[in-house]
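Taking the hints into account, I'd like the entire structure generated from these sequences.
Once you know that position 24 of the sequence shown is 24 in the working numbering, the rest is easy, because the numbers rise by one and skip nothing.
Just so you know, the hints here were simulated from the structure itself, not pulled from any lab data. As the structure is a computational prediction, the values presented were derived from the model and not from experiment.
In silico BS3-like links for lysine-lysine, alpha-carbon gap of 27 angstroms or less:
| # | residue 1 | residue 2 |
| --- | --- | --- |
| 1 | LYS202 | LYS133 |
| 2 | LYS122 | LYS134 |
| 3 | LYS94 | LYS81 |
| 4 | LYS126 | LYS94 |
| 5 | LYS134 | LYS202 |
| 6 | LYS126 | LYS81 |
| 7 | LYS81 | LYS212 |
| 8 | LYS202 | LYS94 |
| 9 | LYS81 | LYS134 |
| 10 | LYS134 | LYS75 |
| 11 | LYS67 | LYS126 |
| 12 | LYS122 | LYS133 |
| 13 | LYS202 | LYS75 |
| 14 | LYS94 | LYS131 |
| 15 | LYS131 | LYS81 |
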Amino acid sequence: DFWEQNISKPYAEHNYNALNVLRSLLSRTAIRHSKAQTVGEGDALIALPPRTVETLLIEFGSEAERKLYDYLETKNTTRFKSLRTESPSTVLGKFMELQGMLYSARLACAHASIVNLDSIHKVNEKLRAEKEKKERDARGKKGTTEQEKKKTNLTRVEVFQEAILKARPSAQGRMREAVLQLQEGEIEYIECPICLEPTTEKDLALTPCAHKFCAECLLSCVQTSSDSREASGNCPECRDRF
1 DFWEQNISKP
11 YAEHNYNALN
21 VLRSLLSRTA
31 IRHSKAQTVG
41 EGDALIALPP
51 RTVETLLIEF
61 GSEAERKLYD
71 YLETKNTTRF
81 KSLRTESPST
91 VLGKFMELQG
101 MLYSARLACA
111 HASIVNLDSI
121 HKVNEKLRAE
131 KEKKERDARG
141 KKGTTEQEKK
151 KTNLTRVEVF
161 QEAILKARPS
171 AQGRMREAVL
181 QLQEGEIEYI
191 ECPICLEPTT
201 EKDLALTPCA
211 HKFCAECLLS
221 CVQTSSDSRE
231 ASGNCPECRD
241 RF
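As structure tokens, this is what we get:
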């Protein structure tokens, strides 16, 4: 049928012209309205009452409750940052654990007596064991080859210079501007246009066309679109081949 032949099958084969067909189809079947639209003599299309927001801060009932909540908040924040440092996919893979972290914090806001401290202790022991195992595995790995060592030991300046050298001629200006912003600290975080997560310089990946993504998302796109063992694909933003 039409959908299978023109959209579903081409998209599955990484033929992104299917998206153009889909956009053309939706532009004639979907209508988007906003509350700023007017009809007739300037009357609002949708008349909404003004929104009133009131924030009420409730104090903890005792110092013990405050200390318990502060402990949980610090522990949960440290754990989340640890997962985020690994990769965005690691955060997604720990969805149930993150839900449990939020749940325990909410219980602490209700009353300290309903927080299961034994369960929290078991989770802490499990995380400690996982950390120790990772450290043992890291110590047990053999050293890298000389070529890998050379790549690993590239300085920050050398990495930026290599990015400019490998940029496409048409993107040299954009690449220099991006590198300059990173060098001068003008950019602390960028929002990855794929996962929409904030990405630091450590996890940043620049394509030859000078578009910025988090490394995890870009590698995933490249591996998905490449039919060979060599990394290749299209830029998710401009569709330029690299």
